[in-house]
Amino acid sequence: MVSSPGDRGGLFAAGLDLIVSDPSANQAAEDAEIIQAARNGDRSAFGHLYERYARMVHGVLLTKVPFADVDDLVHDTFVKALRGLSGLRENGRFGPWLAAIARNLANDHYRRSVPETQLDDESMAAQGGSFPGPDMSAAGVFDAIRRLPEAYREPLILRLVEGMTGPEIAARTGLTPGSVRVNLHRGMQQLRARLKLPPAAEKESCDEGNK
Amino acid sequence: MDENNNPKAGKAGGLDDYLWDRSGPVDPEIQKIEVLLKEFRHDSPEPVFPEIVAQPRKLFSQFRISWFPVLGAAAAALLILCATVLLLQNGRSNDEKAGWNISTVAGTARIGTSILNGHSASGRLDVGQTLETGDQSHASLNAEGVGLIEMDADTRLRLLAMGKDRQRVALDRGTIHAHIWAPPGQFVVDTPSAVTVDLGCAYTLKVDDSGAGIVRTSLGWVGFKLNGREAFIPAGAACATRPKIGPGTPYFENAPAKFRAALARFDFTDAGPQQRFADLAIILAQARAHDALTLWHLLSRVDADQRGLVYDKLEQLATPPMDVTKDGILRLDQPMLDSWWNSLGFDDISVWRHWEHSWSETSK
Chain A
1 MVSSPGDRGG LFAAGLDLIV SDPSANQAAE DAEIIQAARN GDRSAFGHLY
51 ERYARMVHGV LLTKVPFADV DDLVHDTFVK ALRGLSGLRE NGRFGPWLAA
101 IARNLANDHY RRSVPETQLD DESMAAQGGS FPGPDMSAAG VFDAIRRLPE
151 AYREPLILRL VEGMTGPEIA ARTGLTPGSV RVNLHRGMQQ LRARLKLPPA
201 AEKESCDEGN K
Chain B
1001 MDENNNPKAG KAGGLDDYLW DRSGPVDPEI QKIEVLLKEF RHDSPEPVFP
1051 EIVAQPRKLF SQFRISWFPV LGAAAAALLI LCATVLLLQN GRSNDEKAGW
1101 NISTVAGTAR IGTSILNGHS ASGRLDVGQT LETGDQSHAS LNAEGVGLIE
1151 MDADTRLRLL AMGKDRQRVA LDRGTIHAHI WAPPGQFVVD TPSAVTVDLG
1201 CAYTLKVDDS GAGIVRTSLG WVGFKLNGRE AFIPAGAACA TRPKIGPGTP
1251 YFENAPAKFR AALARFDFTD AGPQQRFADL AIILAQARAH DALTLWHLLS
1301 RVDADQRGLV YDKLEQLATP PMDVTKDGIL RLDQPMLDSW WNSLGFDDIS
1351 VWRHWEHSWS ETSK
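These protein sequence lines map, in sequence, to chains A and B.
1 is the number of the first residue of the first sequence in our numbering; add one for each residue after it.
1001 is the number of the first residue of the second sequence in our numbering; add one for each residue after it.
It should be emphasised that the hints constitute simulated quantities derived from the structure, not laboratory data.
Please note that a few of the clues may not be correct.
Stated by the list, open to error - Straight-line distance between alpha carbons at most 30 Å, and here's what the computed DSSO-like set of lysine-lysine pairs gives:
hint, chain 1, residue 1, chain 2, residue 2
1, B, Lys1164, A, Lys80
2, B, Lys1206, B, Lys1258
3, B, Lys1038, A, Lys80
4, B, Lys1038, A, Lys196
5, A, Lys196, B, Lys1032
Computed from a predicted model, the values in this text were never measured in an experiment.
Could you build the full structure based on these sequences and the hints that come with them?
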């Protein structure tokens, strides 16, 4: 179903807003329908995409961009996405594509801000090595997450800052649930160590399930 | 249900349920952190996107409010007709006619027979044209919404396409530094020995007179491909490429010298199976945790009977996700390889899988 341009209620009448409560079910197919509607000029469809993906984009940007600049870049990310919708070959891959645009903008913002410094895992880890000690203020905890290796920063920010669940993160970013869960677990272990929090009560590691 | 799509795929004995999906007992430390960090959470309403939504309405309202004189409409129609005919004659779309602005030139550069120098600072590289820098000159090109290309001395660059969704250049020789902010997958560079696809942000690409090349990524990541052989190069890593062979195996430039030397021989020297095995042994022995990048690529490049060795070492360096099995990796199961790559933390490989089929091989 495709609603007509300007028909704000078209997609909602189709019941697609209910899907948010079950992000893993038929996510790709739903995205495909919404994106097709957006391509056809349906403003409500684009609004729906924004509602569905804004937290994910915001979280991805937060991993590298100062908080004060993130809202502007969220806007830029969606503008780029809308302009590039015609180049999206598989509508069902909108989430990973949008995340990649956000990461690209974040990288570019970082490059412009700190042109002589490379943001990679090693430099971040080096900074992490000199982390002065646990600071349990909001800024301190947030800073500690941003000093974690890149693989862990994004899922932890999406989970702990944006309030997304692991299944939502997987559904929105296109990563497998297994990868997201492993990275959340490992990242949280490192964050606990940096904040000098007691380790999780259970000693088992989800990594052990691989053996 | 496919395990990769199963939300419970990563679950092991109820561990971390609260962290995963807020089920199970509340973890007080995680809950405290959640409350603390709420202040950073996204809470902005949907912004106005004037560039996107206002244009059709404005156009529509103009048509409603204004009543064009008959002669004006006829003139406009004639103009459109002429423009269409011209476009068809040229065989190009408007997008293809777009080009890169040459913003700065140090020394002397050349487009065809036109000379550019520091005094004539600005110029334009259109589709089909070639820009060459001299042995002591540099040039800088930019395109709105795409990025910036800096050309070193003695570099030859051709603009192949400049479409809305695809910008393509060919680097015949020399060195370019690309800073790209177009969406991933849109900016493509052909070289004589591989196709380079921007998947991130900033990289340097060098091609010598033999057609051999190397890409060094400084931000984001880059994909390299030729004849089905592909390589992904994240920030801090490099990858060489050779004509008729294609991309070698990516490596971090701070890897041990012995590791890099053995890898170069493994990729590009045909010294027989014994030497190849000896080089693989050096690579595996020297590999650090960070070199999971290289080992992941080697999984699909070594002989089948050596794949288990690579798997065992990679497993030590980077535990595979729950949905990855040794049997699957040994038979090069693509979803499992992709899942393992995604867990390495470089970037999401689905970006590449989504677009790679749309690129042809090099234009040569």
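Structure-based check of each hint:
Restraint check: the Cα-Cα separation between Lys1164/B and Lys80/A comes to about 12 Å, which is no more than 30 Å; the hinted pair holds. A threshold of 30 Å between alpha carbons decides the hint, and for Lys1206/B with Lys1258/B the separation of about 23 Å falls inside it, so the pair holds. Proposed proximity of Lys1038/B and Lys80/A is supported: the alpha carbons are some 27 Å apart, at most 30 Å. Taken as a hint, the Lys1038/B and Lys196/A pair is honoured in the structure, with Cα atoms around 21 Å apart against an allowance of 30 Å.
Between Lys196/A and Lys1032/B the alpha-carbon distance is near 14 Å, which keeps this suggested pair within the 30 Å criterion.
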